[in-house]
Amino acid sequence: MTNQRPFDTLNESIGNGVIIRLKDGQEVHGTLKAFDVHMNIVLENAEEVTNESTKKFGTLIVRGDNIIFVSPGNSSE
Amino acid sequence: MTNQRPFDTLNESIGNGVIIRLKDGQEVHGTLKAFDVHMNIVLENAEEVTNESTKKFGTLIVRGDNIIFVSPGNSSE
Amino acid sequence: MTNQRPFDTLNESIGNGVIIRLKDGQEVHGTLKAFDVHMNIVLENAEEVTNESTKKFGTLIVRGDNIIFVSPGNSSE
Amino acid sequence: MTNQRPFDTLNESIGNGVIIRLKDGQEVHGTLKAFDVHMNIVLENAEEVTNESTKKFGTLIVRGDNIIFVSPGNSSE
Amino acid sequence: MTNQRPFDTLNESIGNGVIIRLKDGQEVHGTLKAFDVHMNIVLENAEEVTNESTKKFGTLIVRGDNIIFVSPGNSSE
Amino acid sequence: MTNQRPFDTLNESIGNGVIIRLKDGQEVHGTLKAFDVHMNIVLENAEEVTNESTKKFGTLIVRGDNIIFVSPGNSSE
Amino acid sequence: MTNQRPFDTLNESIGNGVIIRLKDGQEVHGTLKAFDVHMNIVLENAEEVTNESTKKFGTLIVRGDNIIFVSPGNSSE
Numbered sequence: 038m039t040n041q042r043p044f045d046t047l048n049e050s051i052g053n054g055v056i057i058r059l060k061d062g063q064e065v066h067g068t069l070k071a072f073d074v075h076m077n078i079v080l081e082n083a084e085e086v087t088n089e090s091t092k093k094f095g096t097l098i099v100r101g102d103n104i105i106f107v108s109p110g111n112s113s114e
Numbered sequence: 038m039t040n041q042r043p044f045d046t047l048n049e050s051i052g053n054g055v056i057i058r059l060k061d062g063q064e065v066h067g068t069l070k071a072f073d074v075h076m077n078i079v080l081e082n083a084e085e086v087t088n089e090s091t092k093k094f095g096t097l098i099v100r101g102d103n104i105i106f107v108s109p110g111n112s113s114e
Numbered sequence: 038m039t040n041q042r043p044f045d046t047l048n049e050s051i052g053n054g055v056i057i058r059l060k061d062g063q064e065v066h067g068t069l070k071a072f073d074v075h076m077n078i079v080l081e082n083a084e085e086v087t088n089e090s091t092k093k094f095g096t097l098i099v100r101g102d103n104i105i106f107v108s109p110g111n112s113s114e
Numbered sequence: 038m039t040n041q042r043p044f045d046t047l048n049e050s051i052g053n054g055v056i057i058r059l060k061d062g063q064e065v066h067g068t069l070k071a072f073d074v075h076m077n078i079v080l081e082n083a084e085e086v087t088n089e090s091t092k093k094f095g096t097l098i099v100r101g102d103n104i105i106f107v108s109p110g111n112s113s114e
Numbered sequence: 038m039t040n041q042r043p044f045d046t047l048n049e050s051i052g053n054g055v056i057i058r059l060k061d062g063q064e065v066h067g068t069l070k071a072f073d074v075h076m077n078i079v080l081e082n083a084e085e086v087t088n089e090s091t092k093k094f095g096t097l098i099v100r101g102d103n104i105i106f107v108s109p110g111n112s113s114e
Numbered sequence: 038m039t040n041q042r043p044f045d046t047l048n049e050s051i052g053n054g055v056i057i058r059l060k061d062g063q064e065v066h067g068t069l070k071a072f073d074v075h076m077n078i079v080l081e082n083a084e085e086v087t088n089e090s091t092k093k094f095g096t097l098i099v100r101g102d103n104i105i106f107v108s109p110g111n112s113s114e
Numbered sequence: 038m039t040n041q042r043p044f045d046t047l048n049e050s051i052g053n054g055v056i057i058r059l060k061d062g063q064e065v066h067g068t069l070k071a072f073d074v075h076m077n078i079v080l081e082n083a084e085e086v087t088n089e090s091t092k093k094f095g096t097l098i099v100r101g102d103n104i105i106f107v108s109p110g111n112s113s114e
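First to last, the sequence lines map onto chains A, B, C, D, E, F and G.
According to my numbering, the first sequence holds residues 38 to 114 in order.
According to my numbering, the second sequence holds residues 38 to 114 in order.
According to my numbering, the third sequence holds residues 38 to 114 in order.
According to my numbering, the fourth sequence holds residues 38 to 114 in order.
According to my numbering, the fifth sequence holds residues 38 to 114 in order.
According to my numbering, the sixth sequence holds residues 38 to 114 in order.
According to my numbering, the seventh sequence holds residues 38 to 114 in order.
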């Protein structure tokens, strides 16, 4: 067992596509550009995905305390 | 990969138009004038945009803990 | 670009009329008398403004963690 | 402009009647006896006032994080 | 005016009956046995009182962040 | 009056059955195995008890900030 | 009685399957890969399980402040 921590996993995902589930139930998708110790996250080519629509943003700075989880990969239902 | 952090992205956006999504579901738009380590943000030429209306404010000091995300650019639906 | 911070903007507004939007959706209006690092704010000639009514208070000490934003000026719809 | 802070205003109100608006929408009224840096407040001759009723308490220790605002004076509608 | 603080009032109530109003709207009644700086409280002969029923507990450790207020005495409606 | 604190009461309950009331209104029952300064709690032979059902878990690590109260004994209605 | 703490129990579960109950009422299941002092948790082979569906994620970084409890084992209803 290594001493890897959650922020190491986040660090390995920089430059890759991630899915962020927010506490208000919505998701933002994008390329992980940067993060800090509060889990504040910068996404590029970001999209806010709701049940009804997708809204594109160039760059998005997501405040860490809104995040339920970050998935550094694809999902399949 | 640089060591850029979310607050660097915010810093680069000073003087530009930003969109702030708030936890109550509304948005404020305006020119980013200043911020601090709590993500408290000062906007100029600020507008509060809801589904029904737009309300103009000269200056707005937004408390950081209300913010879901900040988008330092334009969005298209 | 100066190094001005959100609390500098608040400081410049002392003695002026401000609008405070609260997390419960209501607003308090009044003359900004004092504040501290938690954004606790003292208003004089304060009024609590709801959709239905206005209630006058001589002085009001507003706890900072209830605040969505402070507008140090007038608004027009 | 003096360097007065919100807790100074609270301190000047010790011994006087205050109105405390709580986050659950109710109010407690009473004589301000003591407070601390968390805005925990002790009231004497306290009353909890709701739309429907008034309930008297000898002494009340109100936890600061429930408070929206404190008004150290009377209000008129 | 003494320098008494809210926790002094709590300390004087040790061994006496207290009423604790919780953020979920319910009350717990009991004999105050102990507390700490987070306002975590130990009650003995505790009862949880709701509109519909009373539930008895031998001892209850109440987490401070659930508390709206503590009344170290009796109330009358 | 001793200097006992809430965590002392919790410490004396290690190895005994406890009831934990959670902020979402549900209860978990089990044998108290361990806790820390955040009131994070480990239960063994844990059961989640709702109005409709009981769900058994071997071990449960409950995050302290969800807890309303812990009762280190039995209750009777 | 040992001095074991909740994070020791979590540490012993690394490499095993765990169930995480979230504050929004949903569960995520997966293999516990890593955690930190905030109870941020990395799961592999993660699944988000709701009443209606199961959604698979390769890896999931769950923010600790969303967690009600972690069960490092199986449950039976």
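Bear in mind the hints are in silico, worked out from the structure with no lab data behind them.
Watch out, some of these pointers could steer you wrong.
List time: in silico BS3-like cross-link candidates among lysine-lysine, alpha-carbon distance up to 25 Å [unchecked claim]:
1) G:K93 / F:K60
2) D:K92 / E:K92
3) C:K93 / C:K60
4) D:K93 / C:K60
5) D:K60 / C:K93
6) G:K93 / A:K92
7) F:K93 / E:K60
8) C:K60 / C:K92
9) B:K60 / G:K60
So the derived list for chain B, only partly shown, Cβ under 8 Å to chain C, looks like this [stated by the list, open to error]:
10) R42
11) F44
12) L47
13) F94
14) L97
15) I98
From the three backbone atoms N, C-alpha and C, an ideal C-beta is built for every residue, glycine too.
Does the structure break any of the earlier hints, and which numbers would those be?
Hint check: 1, 4, 7, 10, 11, 12 fail, others pass.
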